[in-house]
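2 protein chains.
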Amino acid sequence: MYVLIVYDIGEKRVNRVLKVCRRYLDWVQNSVLEGEITKTNLETLKSQLKRIIKVEEDSVRIYKLRTENDVNLEILGIDKKQVFDDGII
Amino acid sequence: MYVLIVYDIGEKRVNRVLKVCRRYLDWVQNSVLEGEITKTNLETLKSQLKRIIKVEEDSVRIYKLRTENDVNLEILGIDKKQVFDDGII
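Each protein sequence line maps, in turn, to chains A and B. With our numbering applied, the first sequence covers 1 to 89. With our numbering applied, the second sequence covers 1 to 89.
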């Protein structure tokens with residue numbers, strides 16, 4: 001499936017959240033990552049995130065799409081997307 | 001259509017971008033808005049954004065979906081979404 005994650009995390013925890021998300025997804029913008037991910041890897045990512053975040057302060061929004069084709073992306077200005085090859089998949 | 005907007009904007013322009021986006025969409029998180037929008041209103045929003053942003057520095061990602069049903073949203077932590085009644089629609 002294709003997943004878009006946006007987060008709003010307390011300063012102390014934000015780097016850990018970014019690091020965990022980058023194992024599975026591509027960074028596309030400040031606090032935003034996206035990419036193709038398996039159901040199993042998404043479950044792993046979610047359980048890792050749950051261990052880091054403070055549920056009463058932080059927020060992680062996970063938008064799940066069947067496929068990347070369900071979304072039509074348009075960018076105004078620059079595309080900041082970075083793709084790294086250190087992913088698990 | 002259903003639209004999700006995430007932006008990464010220079011400090012001087014970020015408040016104007018937020019204000020314009022909030023005319024058409026619901027604020028859901030820092031730098032993230034989403035909502036149902038007509039094609040015409042999206043075109044208007046885009047032309048307003050283009051007038052504000054610096055194309056060589058700022059980035060606005062517009063994810064367009066046919067319908068809200070194409071996306072399955074899961075939230076970890078708190079839901080910060082705010083819905084205001086001061087929209088144009």
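Source of the hints: derived by calculation from the structure; they are not laboratory data. Among the clues, some could well be false.
All copies of an identical chain are treated as equivalent in the list; a pair is satisfied when it fits inside any one copy or across any two copies.
Said to hold, decoys possible - Below 20 Å or equal to it, Euclidean Cα-Cα: the simulated DMTMM-like pairs (lysine to aspartate or glutamate) are:
1. Lys80 - Glu43
2. Lys81 - Glu68
3. Lys81 - Glu43
4. Lys39 - Asp8
5. Lys39 - Glu57
6. Lys19 - Glu68
7. Lys46 - Glu74
8. Lys19 - Asp70
9. Lys80 - Asp8
10. Lys39 - Glu56
11. Lys54 - Glu68
12. Lys80 - Glu68
Tested hints:
Taking the shortest Cα distances, Lys80 and Glu43 never come within 20 Å of each other, neither inside one copy (27 Å) nor across copies (23 Å). For a Cα distance limit of 20 Å, the shortest separation of Lys81 from Glu68 inside one copy, 15 Å, qualifies, whereas the shortest one across copies, 25 Å, does not. In this homomeric assembly, Lys81 and Glu43 never come within 20 Å of each other (Cα to Cα): the closest approach is 24 Å inside a single copy and 24 Å across copies. Taking the shortest alpha-carbon separations for Lys39 and Asp8, neither the intra-copy value of 23 Å nor the inter-copy value of 29 Å comes in at or below 20 Å.
Taking the shortest Cα distances, Lys39 and Glu57 never come within 20 Å of each other, neither inside one copy (26 Å) nor across copies (35 Å). In this homomeric assembly, Lys19 and Glu68 never come within 20 Å of each other (Cα to Cα): the closest approach is 23 Å inside a single copy and 29 Å across copies. Proximity of Lys46 and Glu74 under a CA criterion of 20 Å is satisfied inter-copy only: 10 Å between copies versus 27 Å inside one chain copy. In this homomeric assembly, Lys19 and Asp70 never come within 20 Å of each other (Cα to Cα): the closest approach is 27 Å inside a single copy and 28 Å across copies.
For a Cα distance limit of 20 Å, the shortest separation of Lys80 from Asp8 qualifies both inside one copy, at 19 Å, and across copies, at 9 Å. Proximity of Lys39 and Glu56 under a CA criterion of 20 Å is satisfied in neither setting, with 26 Å inside one chain copy and 37 Å between copies. In this assembly of identical chains, Lys54 and Glu68 lie within 20 Å of each other by CA distance neither inside one copy nor across copies; the values are 30 Å within and 28 Å between. In the homo-oligomer, the alpha carbons of Lys80 and Glu68 lie at most 20 Å apart inside one protomer (18 Å), although the nearest pairing across protomers, at 26 Å, exceeds that limit.
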